Amino acid sequence: MSEKKYTKKDFTADKLVKWCPGCGDYAILAAVQKTMADLGRPKEQQVVISGIGCSSRFPIYMDTHGFHTIHGRAPSVATGVKVANPDLDIWLVTGDGDGLSIGGNHLLHAIRRNVNMVVLLFNNKVYGLTKGQYSPTSEVDTVTKSTPYGSIDEPINPLSFALSAGATFVARTYDTNPKHMQHVFSEARNHRGLSFIEIYQNCVIFNDGAHDNVLERTIRSERLVELMNGEKLIFGKEKDKCLVFEGLELAVKNVADVNEADIVTHETAQASPTYAKILADLQGADVPSPIGIFRQVERPVYNDAVIQQTEDVKEKYGMGDLQNLLNGNASWEVKSDAHPIEEEFTTFTP
Amino acid sequence: MSDNKTNILEIESAVVRFVGDSGDGMQLTGNQFTDTSAVSGNDVVTFPDFPAEIRAPAGTVGGVSGFQVNFSSNPVTSHGDAPDALVAMNPAALIMNVKDLKHGGLLVVNSDSFGAIDLRKAGIESNPLENDTVLHETYQVVEVGMTSLVQKALEEIDLKASDKKRCKNFFALGLMYWVYDRSLEFSKNWIKKKFAKKPILIEANTIALEAGYAYGETIELFNNRYTIKSNDMPSGTYRQVTGNSALAYGLTTATFSSGLKLVYGSYPITPASDILHELAKLKHYDVRTVQAEDEIASIGVALGASYAGSLGVTATSGPGLCLKTEFVGLAAMVELPLVIVNVQRGGPSTGLPTKTEQSDLMLAMYGHNGEISVPVIAPKSPVDCFYTAREAVRIAVEYMTPVIVLSDGFVANSSDLWRVPDIKTLDKVDVEFYEGDAEGYEVFARDEKGARKWVVPGTPDLQHTLTGLEHNTLGDISYDGENHQKMTLERAEKIKNIAKSLPSLEVMGPDSGDVLVIGWGGTYGSICAAIKELRKTHKTLSYTHLTHLNPLHNDLEALMSRFKKVVVVEINLGQLHKILRSEFAIDAELICKIEGKPFLVSELVNSISEYL
Chain A
1 MSEKKYTKKD FTADKLVKWC PGCGDYAILA AVQKTMADLG RPKEQQVVIS GIGCSSRFPI
61 YMDTHGFHTI HGRAPSVATG VKVANPDLDI WLVTGDGDGL SIGGNHLLHA IRRNVNMVVL
121 LFNNKVYGLT KGQYSPTSEV DTVTKSTPYG SIDEPINPLS FALSAGATFV ARTYDTNPKH
181 MQHVFSEARN HRGLSFIEIY QNCVIFNDGA HDNVLERTIR SERLVELMNG EKLIFGKEKD
241 KCLVFEGLEL AVKNVADVNE ADIVTHETAQ ASPTYAKILA DLQGADVPSP IGIFRQVERP
301 VYNDAVIQQT EDVKEKYGMG DLQNLLNGNA SWEVKSDAHP IEEEFTTFTP
Chain B
351 MSDNKTNILE IESAVVRFVG DSGDGMQLTG NQFTDTSAVS GNDVVTFPDF PAEIRAPAGT
411 VGGVSGFQVN FSSNPVTSHG DAPDALVAMN PAALIMNVKD LKHGGLLVVN SDSFGAIDLR
471 KAGIESNPLE NDTVLHETYQ VVEVGMTSLV QKALEEIDLK ASDKKRCKNF FALGLMYWVY
531 DRSLEFSKNW IKKKFAKKPI LIEANTIALE AGYAYGETIE LFNNRYTIKS NDMPSGTYRQ
591 VTGNSALAYG LTTATFSSGL KLVYGSYPIT PASDILHELA KLKHYDVRTV QAEDEIASIG
651 VALGASYAGS LGVTATSGPG LCLKTEFVGL AAMVELPLVI VNVQRGGPST GLPTKTEQSD
711 LMLAMYGHNG EISVPVIAPK SPVDCFYTAR EAVRIAVEYM TPVIVLSDGF VANSSDLWRV
771 PDIKTLDKVD VEFYEGDAEG YEVFARDEKG ARKWVVPGTP DLQHTLTGLE HNTLGDISYD
831 GENHQKMTLE RAEKIKNIAK SLPSLEVMGP DSGDVLVIGW GGTYGSICAA IKELRKTHKT
891 LSYTHLTHLN PLHNDLEALM SRFKKVVVVE INLGQLHKIL RSEFAIDAEL ICKIEGKPFL
951 VSELVNSISE YL
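Chains as they are written, first to last, in the working numbering: chain A, 1 to 350; chain B, 351 to 962.
To be clear, the hints were calculated from the coordinates, so they are not data collected in a lab.
The reader is advised that the hints may include incorrect statements.
[To be verified] Below 25 Å or equal to it, Euclidean Cα-Cα: the simulated DSS-like pairs (lysine-lysine) are:
1. B/Lys548 - A/Lys316
2. B/Lys515 - B/Lys544
3. B/Lys542 - B/Lys515
4. B/Lys544 - A/Lys316
Small disclaimer: the values here were computed from a predicted structure and weren't measured.
Start from the sequences, fold in the hints, and give me the full structure.
See below:
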C-alpha cells in the first residue's frame, strides 16, 4: 500500500480555498501536501484534525480524512483517535488563539502524554476569524479593536510552553520558506511522540507583517539563526555572528572576537530541556530568532503505552469472558423449580 | 443450638439501617449484611447515604455515613421507608437517624462512644442514652459497649489498640446476624478473601464478627429475634449489583459482543467515578479508558474514538454535563455514535454531590445551542442500568447519534439482587463500517432510519472531512438557508424515528381509568411499591414508567388520553411534567420533592391518594 507514489495533487481537495488572498496559510497548506506526497505514507491513513479559527479550516482543503472540531478541543479528539486506532497519522492544526488560549489546557496534556502526532501551531499573533482582536501571543501594547489603548497582558511563548510541558520534538519554521517547512514537517512526522511546531504565519488583513521584525527580507539573515544539529550557532549574511553562553544567557558576538570552541554547538538530543528553553526564550531586538528543530528526544509514547498495557492485561488474564464478568466473584447459584414471579405490568395496546 | 430463650419470630421483611462515622466502615457492614441476606434467599434493595466529605471531622453530624437495606421473602422494589432496626455507632449518627426509626423499633447503639467528647462533637449537651426518657419509651434501646467488647475479644491478637477498635463494625455485623438469625459463613469467607495478604486481620475481624454474634446469644438484652423465609427463586446465578457497576457491564457487553472497542473518556466526578473504576479494570474486554484532563477533554476523547471506529463513551454528573454540551452538539451535528452518561446529583452548581436528584432532564433534552435533538434514556433501577447502557449503545450505533443516559445518585450507588442473564441470550448490536464504492458516496446520505453510514479514517478512497459548520448531504460546508432547514429537519426526523423501534409501554393496572401515574428514572422502586399498596383499594389507578424521554413512546399520548387524570412523579420541580404539558397540551398534575433523597413509599401513598 505504501509503495504508491503520490504527488501534491493527491492531497489537494477539490474545494475552493477561502483564506484571504496573500494569507500565509496557503503556503503552509502547500508545504503539508508536498510533505505528505514525499513521505509516501498511505493517504487514507492521514487524518487532519483541527479546532476553530482561520488555520483550523485546514482539513477542509485536504484530500485526506479530516475532522474540523470545536474551539480549542482538537487535542482531545486527536487523543481519542490515537487511542482507538494508533496506526493513523495525525496532523493537528491549530492557531495561537485556538491552541494557547481556549485550548491551552488540552494542548498541555497532549504534550505531556506525548501522544504520537504532529501539531502545527500557526502563530500570527492575532484573532483573524473574529476580525482582529489581540491574541495570547500578541506583545504588550498591541492595539486592536478589543484593545484600543493597547493590550496589557504578557504574551505566552509557544515553544517555552511546549518545552515546559515536556515536548519531545519542538521546532519553529515560517510560512515564506517552503523548503524549510517541508524539512521540519517531514522530521516531525518521523519522530515518535508529539511533535510541536510553531509556524510564524502572516495575517495580511489584521496583523500584516506579524513577524517582520525577524522575517522582513532585508534583515532576515541578521535576525534568524538556523538550528542544525551538531553545527555551531552562527548567523548573519556574512556568517560573522555567533551565539555564546554568558552565564545562563545566550549572547551575540562577532565570530572574529571569540574562540571557536566557545561558540555554542547545537544539540537537539540533550537530556535536559534547559538549553532548548534558553533558545526558545531568545526574543527581542538584540538577539536572533532561532528556526529549525530545537529539541528531539525519546520518551514513552502514550498511545503505545495504552496498547502495551492492554496487551499485558490480556496476557495476564486471557481474553475477557463476558459471562465471568457478569457473574463476578460474589455470585451464587440457585437451583429450584420456581418460575419467575409474574410480571405486574402488562403491555399497552392502543 | 442455644440456651438463649429469646423468641425467634418469622417475619416477611425488614429494613435495617447501619449508621456511623464516615470512617466506621458502615458501607462495608451494610453490604455484607445485604449479601448474606441475598444468599439466604431474600430479595434486597439497598440505599447507601454518605456525605461528600471523605472524612469530615470524626464524630460530627457532617461525617455521618449510612447504609439501609430492605430484605424480604417477597420481591421488593424500594429500599424501604422507616427502618425496623437502627444500628448507631456514635451520638451524631444516632441523632441524625433516630427520627426515621419505626416506633417500637430496635435501636442498637455503641454505648462506648457516648462520652463527653463524643457528645460535644455531635453538638449535643446531654447524653440521650442516660437522659432521654422519650427515646427509651419510643424504641427498644439496646446499649452495647462495642469498642470495649471488641478490644477484650482481641486481647490476644497482636494489633495496635487503634486497629482493634476498627474491627467494631464486624462486631456490630455479627450482633445483627444474631438478631436476624443469619449465618456468618458468607462474611467469614469474604473476610478471608479481602484480607488474604494480612492474615492477622482475617483473624481479628473474624473474632470480632463471632464475638458480636456470641454477645447476642449470651446477653439477654433483646425482646425478639427474627427470621425471614427464603424466596422461592427461579434457578440461576444471582448476585448483588450496584447501578454504576451494572452500567459498566452493560456498556462492555454491548460493545465486546458486537466486535466494537469501547473507549471511555472520563474525568473523576461524584457519583459517576465508579463507572471509570470498573471499566479501567476491563482492558482484556477491549475497553480502553482515558482519565482526561477535564470534562470537556473526556468527551472529546470519546468523540475522537467514535470517529476512528470505536464506541466512545463518557460519564459525568450535572456540572460535568454543562461543560460537555458543546461537544454533544458537535457529535449530533457530525452524526457520530457517542454515549454520555449523566449520573445526576443534587444541583445547581456543585449542589449536593452525594445526594440524588432528577433535575438534569431539561439540560439533557434542551441544553444545546441550535435546533438539535439528542436521545435521552433513563435507568429505573440498579439492575436496569445494565439494560439501559445496552440500549444506549444500540441507539447510538443504529442511528449515528449521541445518546444521553440519565442515571442518578440513588440508582448508581444502591444495589439490587440480580439474576444474571445468560450472555448468549443478549442481542448483539449491528455494527457496519462502510468500505464500499467511492462512486456516489455521500457523507450524509441516509438509510431508511435516517442514519448516515459510518466511514472511519483509514478507509481508502472515502476521504472526507467532518465539520461542525452546517454542511450539505455531500458533507461540504454550506451556509445556504434552504439546505440548513433541510438538514435540521433530517436530523430531527432521525431522532423521532427511534420511537418506532421501541416496544410498547408497560402499564401496571388497567389501561384506562381514573388516574395514570407517570414516573421516570430512579423513582421506579418507590412508585411501584406505592402503587401496589394503593391498588389494593383503588382498582382504577394505573402506573407507567418512562425509560425513553426523547423520543417519547409513540403510544404515550394514547395511553394518557384514556385516564381522567395524569400525575407525574419526579425528584425536581416538575421537569417531565413541563415537557408532557407542552408536548401534549394536557393538564397533568405533579408530585415532586427535592430533598436529595428518594421518595418514601408512604409519602407517595399519601400524595397519590389526594388524586384518588
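Checklist line | Hints that the structure is at odds with (numbers, increasing) | finding: Going through the list in order, the structure violates no hint and respects every one.
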